[in-house]
Amino acid sequence: MLIILAMGLYAFSMSITPGPVNLIIFSGGMNRGIHATLPFILGATIGFSLLLLATGLGLGLVVQQHKWLVYGSTVIGCGFMMYLALQLFKSEPSVGQTTAVRSGWWAGLMLMWLNPKAWLAAIAGNSLFIEPSQTSKLFVFVLIYSLVCFVSLLLWAVFGKQVSSHISNDKYVRWLNKAAALVLTSMCVMVLYELGGRNL
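No gaps in the numbering here: position 72 of the sequence shown is 93 in the numbering used here, and each next residue is one more.
Hint data in this document are derived by calculation from the structure and do not stem from the laboratory.
Heads up, a few of these hints could be off.
[As the list claims (entries may be wrong)] Below are the PhoX-like pairs computed for lysine-lysine, each with C-alpha atoms no more than 20 Å apart in a straight line:
(1) LYS158 / LYS88
(2) LYS182 / LYS199
(3) LYS199 / LYS111
Predicted model, so just to flag it, every value in this text is computed and none were measured.
Could you put the whole structure together from the sequences, leaning on the hints where they help?
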């Protein structure tokens, strides 16, 4: 029972803290509402669940042995997220929406596999809770994480919707979109800077 609680707390701490996907969901909730953002949230949850399962079944070891896979996915992921940040920066209130949220569940799924934070959470989580032969325990971990991840991401959409409901001036919504885009870009720049430092 304690291990299940520990898994849940780990999943919550990793899912609720700000990251690229969280910011995109926040902007989706703010600009389009919770219902319209649900497909992206579902896709992100499924994407991370598959990533967590794959790393637990051995993909994590492969990635750790072939660092170029990490570097490649990180660069591609940051490039994609910076493109989304640009779309968000240029978006207008009431019609403002990132390409990712507009594209639905598949974009959420793909973005999780390109998200450095998701890879870190998946590999670290499996290292903490799962032994190589504990397949049944891995499935329990994936199930717990999936539920917690979905709820945590949904809370970010609710947060975005609540923010928009308290702002009547489109100018402020526009500035919030730009601020979220700049934060998302800053995250990507910091990740790429750290990645470059490792290769020097």
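Does the structure break any of the earlier hints, and which numbers would those be? Checked against the structure, the only hint that fails is number 1, while the rest are satisfied.
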